[in-house]
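Colleague: Could you slot chain B onto chain A? The hints should help.
Taken in order, these protein sequences are the chains called A and B. For the first sequence, counting from 1, position 375 maps to 480 in our numbering; every step adds exactly one. For the second sequence, counting from 1, position 218 maps to 323 in our numbering; every step adds exactly one.
A pair counts as met if it fits within one copy or between any two copies, since identical chains are not told apart.
In silico lysine-lysine, DSS-like type, Cα no more than 30 Å apart, as pairs:
{"id": "1", "residue 1": "K535", "residue 2": "K160"}
{"id": "2", "residue 1": "K160", "residue 2": "K532"}
{"id": "3", "residue 1": "K517", "residue 2": "K530"}
The set of hints was computed from the structure by calculation and includes no laboratory data. For clarity, every value in this text was computed on a predicted model and none was experimentally measured.
Number of protein chains: 2
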Amino acid sequence: MIDVDTLIHARWIIPVIPHSTTLEHHCLVVDKGRIIDLLPIQNAEQKYTGKIVEKLENHALIPGLINSHTHVPMNLMRGIADDLPLMEWLEKHIWPLEQKWMSEEFVRDGTDLAIAEMLRGGTTCFNDMYFFPEVTAHQAIKHGIRAKVGLILIDFPSAWAENSDMYLEKGLALHQSLLDQPLVSTAFAPHAPYTVSDDPLKKIRIFADQLNIPIHMHVHETEFEVHQQQQQTSQTPLERLDKLGLLTPSFIAVHMTQFSDKEIAHYATTGAHIVHCPESNLKLGSGFCPISLALAAGINVALGTDGAASNNDLDMFGEMRTAALLAKGVTGNASSIPAMTALKMATLNGAKALGLENETGSLSIGKAADVVAINLDELETQPLYDVVSHIVYACSRQQVTDVWVAGKQLLKQRQLTTLDVVELKAKLPKWQQRLAAFN
Amino acid sequence: MIDVDTLIHARWIIPVIPHSTTLEHHCLVVDKGRIIDLLPIQNAEQKYTGKIVEKLENHALIPGLINSHTHVPMNLMRGIADDLPLMEWLEKHIWPLEQKWMSEEFVRDGTDLAIAEMLRGGTTCFNDMYFFPEVTAHQAIKHGIRAKVGLILIDFPSAWAENSDMYLEKGLALHQSLLDQPLVSTAFAPHAPYTVSDDPLKKIRIFADQLNIPIHMHVHETEFEVHQQQQQTSQTPLERLDKLGLLTPSFIAVHMTQFSDKEIAHYATTGAHIVHCPESNLKLGSGFCPISLALAAGINVALGTDGAASNNDLDMFGEMRTAALLAKGVTGNASSIPAMTALKMATLNGAKALGLENETGSLSIGKAADVVAINLDELETQPLYDVVSHIVYACSRQQVTDVWVAGKQLLKQRQLTTLDVVELKAKLPKWQQRLAAFN
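Chain A with its partners taken away, still in its complex shape (with noise of 0.2 Å):
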């Protein structure tokens, strides 16, 4: 018998590699934060003995989903200004109050909230965009989420920095000082092509080639961004991207709603990754990007939430459904974005755009033991004929029981083991009263 740490017994284990397939009665075998078997029951029970055994008799075992695209301090502001188009909720609301209360104190909570939320609902790592990313790293690393921190860059001053050479500048430090760090690391975060100026993003490119770093970015998120573009400079946003060399499979485009079929052809020959935003995207009026259109290309589609302030959640179970639903609906093709393609995007594709695939993003050998369980015994996915179709059309994040990240155990029977929610609950009075006050 081999002495392990945790032996997670399922009734359904959906490992994402190999595609469409869903063990029954399967361990999975976790040593030193690490799978290192996926097998039957009754031989794991013959070869392994563990520390912690978890028998989990209505549950299936899904890889940690994977949110792409947050700005989690923005959970302090979830629901302060809805029903607004993006320019206007951005100039009007957002920005006015990012102004007054930027803070260490305000990404601190705000980040402590979404890690909480996140948890809860099985999102194991999440790829930011935000100011003071060093504290969003620390929050991550202090409560053992898996995060891409993104180095923001802008071209206007804030509370972080004044000018881009700084922004530039505090996030190499960052960078470096997170080397060590097994669960966190950064990407470069230059905000938009609308607010991004050339010469930083050139600088970008060459220090993500030479550290190895993705860039993250929102791209062609509405048709008056690219409108806007093309007529100052007769080029779009993403034309100029790939002139300056940006579009290579380091890159990650944010939102692309508007992309014709001949960008989804080259953007294909790139390598470069899209996060889709489905939820933000209907809700701030948008578009739609083309995701159907985009797989077929061979173009690796991710997913995201986009801020609490945009969507209202940071539920990934609900954009896996609105991904899924939303496909069929523009497309008219009720086969398009299977449930299965809808959980793949929630983790492997995640994985890849973030370029963690061989850390996690599926239950396969060898990866980081990152795992949610959720029970699937409750009336609202009852009947049972497809495990996958119920995670992903009839399931709710209250289902997700149980969450490790690389082994760790940071969701018991849905308390969370390194947060305290009661304390976390307590100051976030003060922040609704400041922010009320303000809007």
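Modeller: Relative to chain A, chain B alone:
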């Protein structure tokens, strides 16, 4: 002091009438099943003594949600055939399964599962269309939920009736038998223009007038349906229904994904209603009902989930969110269908469509006490700036804690009071095995 049955103190109350009103620290006073007062808590404490006093300090009260289009027994087929277009889904899966398994027992168990799911999710009234409606009516009465049971009629024989005369006869007998029921009444439910011929529709028109019964029908669900009939008869299904005299304030057209500006303008003059089923329309790739235009034209638009086989849940919180988000996406206008409009569609507009606006749909003095309490103290709905925003955009149905129908508490701290969940669950594996083996 006046003695009453129940006082419900709540942090927030959204009565829906008047529109866009959120009361704080108010008390809903319930006696003999009806709302008899709604006033500040401090005033209520001086005026009323309740046999039961509920103090809901972190909760919002809303009117019970009205699911205006269901096929409740289809809960037994949740997730049995996904990612397929409407006609293939119907002809190759749903209809053969129904042909094989339709029975009183099927309808009873499926209805119980659906009622349990609806009550746990804050739905207090549903408008159903299915075979063996007397069984659905019986179960609704047994469990205390409000319902409009559809007197199904279709040109084809089924396990319930052999021909249109027999459907009509059995339907009228059921209508007669329910006349003294306070919570359960009927609507005619001719299935769809493409499955019901003129003769039975003319009879239904006459009986509906005489007996004052609404008519509930699938109309213009897909472009295919409209084009096919146009080719065969040179008129659209809607034109045909209009010529048959069906478009009156008693008519409820479900789906309407094909609805031109001209049709909208005419439909508005008839006083007939629309039920929007956004998730089912998306899932089957059926198209988008132009609800923003319909509402602007003065048409009453209610909200429904459709059956759990094409959704795959009966979650009116999800449906409100999808309706609000999708409308913004389709129009490109982020101000379309604000949160309060979505809540109104799911409550008052449903009551109007079903002819129940004097009984339910708002927390108004004189109406039945159909009430839902939502706990907003979860991390997922913090901080809180706008209660209605959170109910529509951030809340999940699991945050529903208590539900009353006509003053009787059917969900108490998330426990059903009239349904035995253990007994219900024990009946489901049998159906799972039968249906999976045949599919």
